[in-house]
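Using the hints provided, position chains A, C and E relative to the given structure of chain Y.
Each chain, written out:
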Amino acid sequence: MKESILINGPVPKAMISSLLEALGNDTGAGGHSLFLGQVRADVTDGRRVKAIEYSAYEAMVMEEADKIKKSIIAEYDDLKSIIILHSVGIVNAGEISLFVLISAGHRHQAMQACSKTVELIKEKLPVWKKEIFENNTSEWRQNYQA
Amino acid sequence: MKESILINGPVPKAMISSLLEALGNDTGAGGHSLFLGQVRADVTDGRRVKAIEYSAYEAMVMEEADKIKKSIIAEYDDLKSIIILHSVGIVNAGEISLFVLISAGHRHQAMQACSKTVELIKEKLPVWKKEIFENNTSEWRQNYQA
Amino acid sequence: MEIKVLFFGVLAEITKTRFKHYRDITSYDDLRLRIQDEFPEIVHYNYRIALNSEIINEDPELKNEDEIAYMPPFAGG
Amino acid sequence: MEIKVLFFGVLAEITKTRFKHYRDITSYDDLRLRIQDEFPEIVHYNYRIALNSEIINEDPELKNEDEIAYMPPFAGG
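Chains as they are written, first to last, in the working numbering: chain Y, 1 to 146; chain A, 1 to 146; chain C, 1 to 77; chain E, 1 to 77.
Treat the hints with caution; some may be incorrect.
To be verified - List time: in silico DSSO-like cross-link candidates among lysine-lysine, alpha-carbon distance up to 30 Å:
no., chain 1, residue 1, chain 2, residue 2
1, Y, LYS67, Y, LYS130
2, Y, LYS70, Y, LYS122
3, Y, LYS116, A, LYS80
4, Y, LYS116, A, LYS130
5, A, LYS122, A, LYS13
6, A, LYS2, A, LYS50
7, E, LYS4, A, LYS50
8, A, LYS124, E, LYS16
9, Y, LYS124, A, LYS116
10, A, LYS67, E, LYS63
11, Y, LYS116, Y, LYS13
12, A, LYS124, E, LYS4
13, A, LYS116, Y, LYS69
14, A, LYS122, Y, LYS69
15, Y, LYS122, C, LYS16
16, E, LYS63, A, LYS124
17, A, LYS2, Y, LYS116
18, A, LYS124, A, LYS80
19, A, LYS122, E, LYS4
20, A, LYS70, A, LYS116
21, C, LYS16, C, LYS63
22, Y, LYS67, A, LYS50
23, A, LYS130, A, LYS80
24, Y, LYS116, A, LYS116
25, E, LYS20, A, LYS130
26, A, LYS116, Y, LYS122
27, Y, LYS50, C, LYS63
Since the hints were made in silico from the structure, they are not lab data.
Note that this is a predicted model, so its numbers are computed, not measured.
The following block holds chain Y by itself, in its conformation from the complex (with noise of 0.2 Å):
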């Protein structure tokens, strides 16, 4: 079954927690590997970003979340399980935007399946970003130049 993975908002530091409560109910993994993707306040022109609008193609971001799993899945036959969440909406600085979990049989394939994972969010889901200045102006930014 495809699920959403974006999230209203900041992904909730209580919802990391409960994820984590969870883990040892596998005493098949040996090692968990996350990676949490916070708003930078970065300073552009002497703007300072206070938070990163998110948008995103819903029915495209669920159709890609899934072939994401599914191909990293066929890529590590160790893995246990896959969580990815994601943002849309206003999230502020300091806040996390992404959240990939990746557990496994040993580390070697947590860690690199993550990574892995984390480069095809970047690269194929459909979703934008626009920085909010402290200023109120704001400026759309892209993960790779065109």
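Okay, now just chains A, C and E, sitting in the frame of chain Y:
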């Protein structure tokens, strides 16, 4: 200042949650990479692991952990923080025995430094583990064949 | 036929809309020209096109009620 | 001189002690032979030696109150 990274028993989930709560304080960080090592309920010759008992040369662990942190910080120039926690004593299957958290300005350094730190921990920290099986027999394990 | 067109990111900003229905479309080329006539600024931007949530690299055969998305370079994470 | 010797992992199990003080030691070689006499089984195990928390690969010059650790292969994480 050299700090002890050793924790008696499993790394508590509540401690992990409170470390995650504090992440947003550094708004220069754009990515956090975490690795959690968990005790697996491996089965060897029909015996299932119920716990691992870790022991450590504590004074040397402190020295070596300090060297690991310094070498990682020297290698990756974008790091914001590095936290290592390792268990001593009994850790049950499904519980966490190793916690590594690396924050960096950008994701690549966070993930690469985390992976490298975990490898150095396995290679350099004077820690030993004895698997304790459900039938109360036990066996010493090692990370690298001598 | 009727085609729903979605605009994302900076393209939603310059078109001042997130989606729009185009009626009496005869082909993808017809649609493309209608959009460029209406939003001439769009030609200055980089974007890719998705048809019903799948990226397409060649002009597609459209059918009634297809959904076309105009997507600037992605910026997730 | 007096040397404190620590035994770790499986070596603590076969020596049935975590540490032991050796008195009237004249050299590292003297210490090594005293330990092997007391725990002959130790020669069957792989281990490395640390002097005051630093791994050593050659026989060291000992001084009074040095700490020598007998360490099987590491197994952290």
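For this session: Would you check the hint for LYS122 of chain Y and LYS16 of chain C, treating anything up to 30 Å between C-alpha atoms as holding?
Result: The given pair, whose Cα atoms are some 26 Å apart, holds under the 30 Å limit.
Exercise. Has the given pair, LYS124 of chain Y with LYS116 of chain A, been kept, meaning a C-alpha gap of at most 30 Å?
Worked result: Distance ~27 Å between LYS124 of chain Y and LYS116 of chain A Cα, so the pair holds.
For this session: Please work out if LYS116 of chain A and LYS69 of chain Y have their alpha carbons no farther apart than 30 Å.
Result: With Cα atoms ~25 Å apart, LYS116 of chain A and LYS69 of chain Y stay inside 30 Å; holds.
Exercise. Does the structure keep LYS122 of chain A and LYS4 of chain E at a Cα separation of 30 Å or less?
Worked result: Satisfied, since the Cα-Cα distance of roughly 26 Å is no more than 30 Å.
Exercise. Does LYS69 of chain Y lie within 30 Å of LYS122 of chain A when you go C-alpha to C-alpha?
Worked result: holds (29 Å)
For this session: Measure nothing beyond the straight line between the CA atoms of LYS50 of chain Y and LYS63 of chain C; if it is 30 Å or shorter, mark the hint as holding.
Result: violated (44 Å)
Problem set entry | 30 Å Cα cutoff - pair LYS116 of chain Y, LYS130 of chain A | violated (33 Å)
Problem set entry | Restraint status (C-alpha distance of LYS67 of chain Y to LYS130 of chain Y at most 30 Å) | holds (26 Å)
For this session: Please work out if LYS124 of chain A and LYS80 of chain A have their alpha carbons no farther apart than 30 Å.
Result: With Cα atoms ~23 Å apart, LYS124 of chain A and LYS80 of chain A stay inside 30 Å; holds.
Problem set entry | Satisfaction of hint between LYS50 of chain A and LYS4 of chain E, Cα-Cα up to 30 Å | Given pair LYS4 of chain E, LYS50 of chain A is violated - Cα atoms ~34 Å apart, limit 30 Å.
Exercise. Regarding the pair LYS20 of chain E and LYS130 of chain A, is the alpha-carbon distance no greater than 30 Å?
Worked result: With Cα atoms ~22 Å apart, LYS20 of chain E and LYS130 of chain A stay inside 30 Å; holds.
For this session: Decide if the proposed pair is consistent with the structure: LYS116 of chain Y and LYS80 of chain A, CA atoms, cutoff 30 Å inclusive.
Result: holds (23 Å)
Comparing the model with each numbered hint stated earlier shows that hints 4, 6, 7, 17, 22, 23, 27 do not hold.
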